[in-house]
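Keeping their order, the protein sequence lines are chains A and B. For the first sequence, my numbering assigns the number 1 to the initial residue and increments by one for each residue that follows. For the second sequence, my numbering assigns the number 1 to the initial residue and increments by one for each residue that follows.
Hints listed in this document are in silico derivations from the structure and should not be mistaken for laboratory results. These figures come from a predicted structure and were not determined experimentally. Misleading hints may appear alongside valid ones.
[Said to hold, decoys possible] Straight-line distance between alpha carbons at most 20 Å, and here's what the computed DMTMM-like set of lysine to aspartate or glutamate pairs gives: (1) B:23 to A:175; (2) B:393 to B:329; (3) B:196 to B:144; (4) B:393 to B:290; (5) B:112 to A:223; (6) B:23 to A:95; (7) B:232 to B:183; (8) B:23 to A:223.
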Amino acid sequence: MFIQTGLIRNAREAIVLSLQIFSRTIGAKYRKSFLGYFWMIVPVVVIAGGVSVAKLAGTINPGATGLPYTLFVFIGVVIWMIFVELLDVPYQAFDNARSYLTRVNFPREAIVLVQVYEALVGAAARYLFLCAVIAAYGILSFGGALILLASIVTSVLMGLGVGMLLAPFMILFEDLRNTVRLFVAYGIFVSAAFYAPHSGVFGRVIQINPISIVMAAAREGVETGDMTSVAPAFLAVVLVSILLVVVGTILIRIALPIVVERMLIGGR
Amino acid sequence: MASESDICISVRGISKKFARSLKRSFVYGAEDIARAVTGRSPNPVLRPSEFWALQDISFDLERGSAIGIIGLNGSGKTTLLRIIAGILRPTKGEVCLQGRVAPMLALGAGFKPSLSGRENIYLNMSILGITAGEINRRYDSVVDFAELHNAIEAPLGTYSTGMQMRLGFACAVHTSPEILIVDEVLAVGDAPFRMKCRNRINELRRAGTSMLLVSHSAVTIEMLTDRCLYLKEGKEAALGPSDEVVKAYEADSISVARAANSKIAAKPDSGNISTARVTKKTAITGAKLEMPGMSDAGHWRSGEPGSLSISVRTTASEDELSILLVIADLSHGTPQNIQVITSSADVGTMRADGTEATIEVAFAPVTLPPGTYNLKIAITRGNLQDLVDMVEKLRLVVVDSGKTKHCAFYQPREWTFSGVSIENNRKIDDFDEAEGLEAF
Chain A
1 MFIQTGLIRN AREAIVLSLQ IFSRTIGAKY RKSFLGYFWM IVPVVVIAGG
51 VSVAKLAGTI NPGATGLPYT LFVFIGVVIW MIFVELLDVP YQAFDNARSY
101 LTRVNFPREA IVLVQVYEAL VGAAARYLFL CAVIAAYGIL SFGGALILLA
151 SIVTSVLMGL GVGMLLAPFM ILFEDLRNTV RLFVAYGIFV SAAFYAPHSG
201 VFGRVIQINP ISIVMAAARE GVETGDMTSV APAFLAVVLV SILLVVVGTI
251 LIRIALPIVV ERMLIGGR
Chain B
1 MASESDICIS VRGISKKFAR SLKRSFVYGA EDIARAVTGR SPNPVLRPSE
51 FWALQDISFD LERGSAIGII GLNGSGKTTL LRIIAGILRP TKGEVCLQGR
101 VAPMLALGAG FKPSLSGREN IYLNMSILGI TAGEINRRYD SVVDFAELHN
151 AIEAPLGTYS TGMQMRLGFA CAVHTSPEIL IVDEVLAVGD APFRMKCRNR
201 INELRRAGTS MLLVSHSAVT IEMLTDRCLY LKEGKEAALG PSDEVVKAYE
251 ADSISVARAA NSKIAAKPDS GNISTARVTK KTAITGAKLE MPGMSDAGHW
301 RSGEPGSLSI SVRTTASEDE LSILLVIADL SHGTPQNIQV ITSSADVGTM
351 RADGTEATIE VAFAPVTLPP GTYNLKIAIT RGNLQDLVDM VEKLRLVVVD
401 SGKTKHCAFY QPREWTFSGV SIENNRKIDD FDEAEGLEAF
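Can you make the complete structure from the sequences, with help from the hints?
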């Protein structure tokens, strides 16, 4: 009865602890490199630049895009990267804390929150960078910036929700971990990051991919300042993402003591 | 019986099962998650490859007192500790804790090598449940205690292991715990720092902090705790005043050791001997631990004479033989060899002429402190000590005779008195407990 304290008190403790830890570790990740926070942006620039060059050379035929292709890819890649980063957050948080999860009892959700804050800092930096790029193209509107923000928040929620649902099982089963790793590395090709919607089976797969819907919403928002054509689908994705986060949080709470027990005997 | 509010740890009917197979344990893990999500309690029956690591354990720890948990390796001590610390959930039963717990099994939880000592103090103490304001107040005292004034701004990764452990310990004892959970003897840093740690724990104890101490050293338990739980294969073998429980544990250890030894170094006619040994020309056929008046006592008493009798069978004449004895300490920290004895170095090599031989080595007195030891006996040949035959994993149990209670080993001694005389058999067994703790 003492272990099973109230949910709200526990949540408050976890938030207080996570803020305490975050205030100490903020920037620690980037302190080790000379370019520091620059690394939040570099991969996006490299991928977007590379793909644009490939398109110029004719290797990629993305179809008709409303936006300039480089900007089109930029938006897609940022949303994708934020999604996969958050997808990995719960697993990474527990894996990094393996050594003390098995030795001390504390509000364990806190370590996920710390990583979420870190990822949010990265997401915010990318968002601002993206706004700057859009402004450079001369098409930044208030509505567009707002829809872009909503899309990024949705990809954060979606990544986190899926990540929390998978994390306990990823710790238990190395096979699942490897599968997810494969998806993180190559999943971008079954999203709309590089291609405009087109017909065919592959095109359909890309289109109904929820992350593609988020990308489509962001692009339409940036292009027109509105998102009439994808609004219902986008709203559905937002609601499902919120639901995933809620269910994921509950699952983590329930599953963690069981998972920690397996960590003790050398589980992945 | 103490009133309800005086009890800080209450363990009620705890059972815990584990799976022996790694892969199965992961599958069961997923199954357990599914059960928990649907609101059912953990599966109470054993599934294939599962076993009970703990079965129906109950005890109370009263505020301000200390309880010891003793048992051989694999008896479930650490599992019990983890359940009490809230790291593992019991399969059955419940634990009630009242007060802040400082688990000394979690020194340095959350330490990050790339951050400075200062930042790590905040990290670690937050995880142990201290608020930022409280840490600010205690910060100087932690740094003082860890003796790290010069290095506190340097990244933790640049610290030596000893420095890191000192910092971890300093953080843990500054959480003003009401319950200390200590696993094994604390071996932190250099000797002066170890003393400081001991004294700090004693200070906390005197200030009314309760303690749960796990050890397989009977002497440590007897000295530091009031009551003791003896765990045997996950079950309660005894629970009561420490001195009584420790006696039961020692008696058990001896009989367990004897049973094991008789299997390992059986006489040839008992039929237990391995075929490899039968076919050897020269072989060890038996080993007995003896004490004066007790042949085959199976154990020794610290500070009193003891001997080891080794039977050797030779079938042909052989030269340059020697007996090698290696004694490893299993009770006090990580097992390590503490005695390596060769008969050739002591008295010269032996020549055997194809008959049954008995070799006896007497220890008068036995200087090993009370505990469980591993004894390895080997016959070697030549000056490079080629192994001819070897008996490993003999258990040697040394029990307390009252002469080595606070000692690392027995120092042989003779007292001479002139002008005073010894009163008739009036021994004072132990000095005042508080002083004893300090000295320890």
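Against the structure, the hints come out as follows:
1. B:23 to A:175: 12 Å, holds
2. B:393 to B:329: 12 Å, holds
3. B:196 to B:144: 12 Å, holds
4. B:393 to B:290: Distance of about 18 Å is within 20 Å: holds.
5. B:112 to A:223: Violated - the C-alpha atoms of residue 223 of chain A and residue 112 of chain B are around 45 Å apart, more than 20 Å.
6. B:23 to A:95: 19 Å, holds
7. B:232 to B:183: 17 Å, holds
8. B:23 to A:223: The given pair, whose Cα atoms are some 52 Å apart, is violated under the 20 Å limit.
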